[in-house]
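Here the protein sequences line up with chains A and B, keeping their order.
In this text, residue positions in the first sequence follow our numbering: the first is 514, and each later residue adds one.
In this text, residue positions in the second sequence follow our numbering: the first is 10, and each later residue adds one.
Among the hints, a few may not be true.
Said to hold, decoys possible - Computed from the model, here is a short list of chain A residues facing chain B with C-beta under 8 Å:
{"#": "1", "residue": "Asp525"}
{"#": "2", "residue": "Arg526"}
{"#": "3", "residue": "Asp527"}
{"#": "4", "residue": "Pro530"}
{"#": "5", "residue": "Pro532"}
{"#": "6", "residue": "Ser533"}
{"#": "7", "residue": "Thr550"}
{"#": "8", "residue": "Cys552"}
{"#": "9", "residue": "Phe553"}
Simulated from the structure, these hints should not be mistaken for laboratory data.
C-beta atoms are modelled at their ideal positions from N, C-alpha and C, and glycine is treated no differently.
Here is how the chains run, residue by residue.
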Amino acid sequence: MIKGKKVVILGDRDGIPGPSIEECLRPLDLEIVFSATECFV
Amino acid sequence: MNFPVLKAAAYALVHAPNILLTHGTTQLLEGAKNEQSQYLKELPSALRSFDQAAAYPPNQAYIGAIKPKDLEQIAQPWYEQKLESASRFGPYGEIMPEDEFYALMKIVDVFDLIKLEKGFRAEIQAKLEKHPLFDQDDLALLGPGADLEDLQKMLKADASPMKIGSDLIGAVAPAHDLDQALSASIMFENLAAKASAVLVLRHLFRENGIDPLDVDYIIECSEEAAGDMNQRGGGNFAKAIGEMCGLKNATGSDLRSFCSGPVHALVSAAALVQAGVFKNVVVVAGGATAKLGMNGREHLKKGMPILEDLLGAFAVLISSNDGINPQIRTDTVGRHTIGSGSSPQAVLTAVVTDPLERAGLSIRDVDLFAPELQNPEITVPAGAGNVAEANFKMIAALGVKRGDLERSELADFASRHGMPGYAPTQGHIPSGVPFLGAGRDLILEGEIKNFMIIGKGSLFLARLTNLFDGISFLVEKNPGLKASAGTAPKDEVRRIIAEAMQDLAAILDQ
Chain A
514 MIKGKKVVIL
524 GDRDGIPGPS
534 IEECLRPLDL
544 EIVFSATECF
554 V
Chain B
10 MNFPVLKAAA
20 YALVHAPNIL
30 LTHGTTQLLE
40 GAKNEQSQYL
50 KELPSALRSF
60 DQAAAYPPNQ
70 AYIGAIKPKD
80 LEQIAQPWYE
90 QKLESASRFG
100 PYGEIMPEDE
110 FYALMKIVDV
120 FDLIKLEKGF
130 RAEIQAKLEK
140 HPLFDQDDLA
150 LLGPGADLED
160 LQKMLKADAS
170 PMKIGSDLIG
180 AVAPAHDLDQ
190 ALSASIMFEN
200 LAAKASAVLV
210 LRHLFRENGI
220 DPLDVDYIIE
230 CSEEAAGDMN
240 QRGGGNFAKA
250 IGEMCGLKNA
260 TGSDLRSFCS
270 GPVHALVSAA
280 ALVQAGVFKN
290 VVVVAGGATA
300 KLGMNGREHL
310 KKGMPILEDL
320 LGAFAVLISS
330 NDGINPQIRT
340 DTVGRHTIGS
350 GSSPQAVLTA
360 VVTDPLERAG
370 LSIRDVDLFA
380 PELQNPEITV
390 PAGAGNVAEA
400 NFKMIAALGV
410 KRGDLERSEL
420 ADFASRHGMP
430 GYAPTQGHIP
440 SGVPFLGAGR
450 DLILEGEIKN
460 FMIIGKGSLF
470 LARLTNLFDG
480 ISFLVEKNPG
490 LKASAGTAPK
500 DEVRRIIAEA
510 MQDLAAILDQ
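One chain only, chain A, in its complex shape:
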């Protein structure tokens, strides 16, 4: 379903950080166009 898609990742410092989500998605055939971790506290 997400094969070949462009992906924007917004991680949360109190949840899952952006780089961790990147690691999970990396084996899939998709393009990560932006990844960052945000802080709301």
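Add chain B to chain A, keeping to what the hints say.
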């Protein structure tokens, strides 16, 4: 080894609903995107009065009027549970109203960038005359006051407004006509950080009977950047704050590491004292105007009052060991290293279990943990979860993994070794340091034997690294002074010198 001690702690909040509207970045960005924003239209009606903010139980816990654990007995939502006993002043400091704070910003403004409207200036002088921290020398710094027309002219020349409701009561001029690092909005932000730090530092001395002249060094650890276009962030808040509090014998510097900055500063202060470089080191930070109303959109959507309407500030004195005050175990400092990894598990392993393991301690040996203590009533509706509770759950899980705890102990770990979060979301303010005052008192009262302060910071927000940050230390009951290895007691030194003088006199007589 005689460890340094946690000699005193002070805390202050500033109720700042109008600064939230004019300087909170959430509101500024919303206004820049959409001048007709529905959020900005509805926001003023959800702001709290000073009395509501002062009676809010977490704020009373912050200034020491109640213990953090007392919050467990108060039904939530806390914003519907005003404390009848609430007072503006608490054992650790105060909650200052916004009008008095504007005047304090003017008092600490040594470059005369701020003008206060004449009528407001007269009114506020009468109020400040009753305040225990301000004398006639301070009040003289309020200046002559300006006409409203002059303030409006300042705004046309890029000044930043100071408002109470719809009334313009003052303005902050830019400190340079082109330098963006000295723009009016940056100067407002920095003067607010300086003023709130001055407020809490004066409380530290007054509430604890400490002579400011005894302080040798100041470490300032807010998240603001003082400087000009050629050295943005060059500093030095520390000496600027100390100058306004009579610390004539002190020097100082600024230390930064996002939310974990204060714990880095405390470890540095403890090291300076233990090494004998300085006897008394102050760690201090004022509040962040940018973060006011940061999650306001979510609070408004959920029909809540806007709870992020307070600037936070704290000050701590670290001194050489007096045999009485709780000591800082500089031999069990936990640190998140560059190689530690950024997952929540990796961070807490680095800052909690690794240092305990080095010290031969179990998680069970620590009476209370003080990690990020953000008020959950602010963070849960905003989608960030209960940050304090998440920390306790992870620490408990690591305890089970290490065999320190039974799996059955997971459920009530937070109530036995933790506390509810109660600090405003002011970045550097909630990360461990709010508990220094209450923790010190609990140890001195014999209620607990130790506690761990944990600071964590989001370094990735500066877009220079994806790294996280964390640092921790243990504070414990003082067992009393010990003679340090390799040093002789004073009487012994006197005896040796006296004998040497007698020998010399005998030689000279011959």
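Looking back at the hints listed earlier, which ones does the structure fail to meet? none
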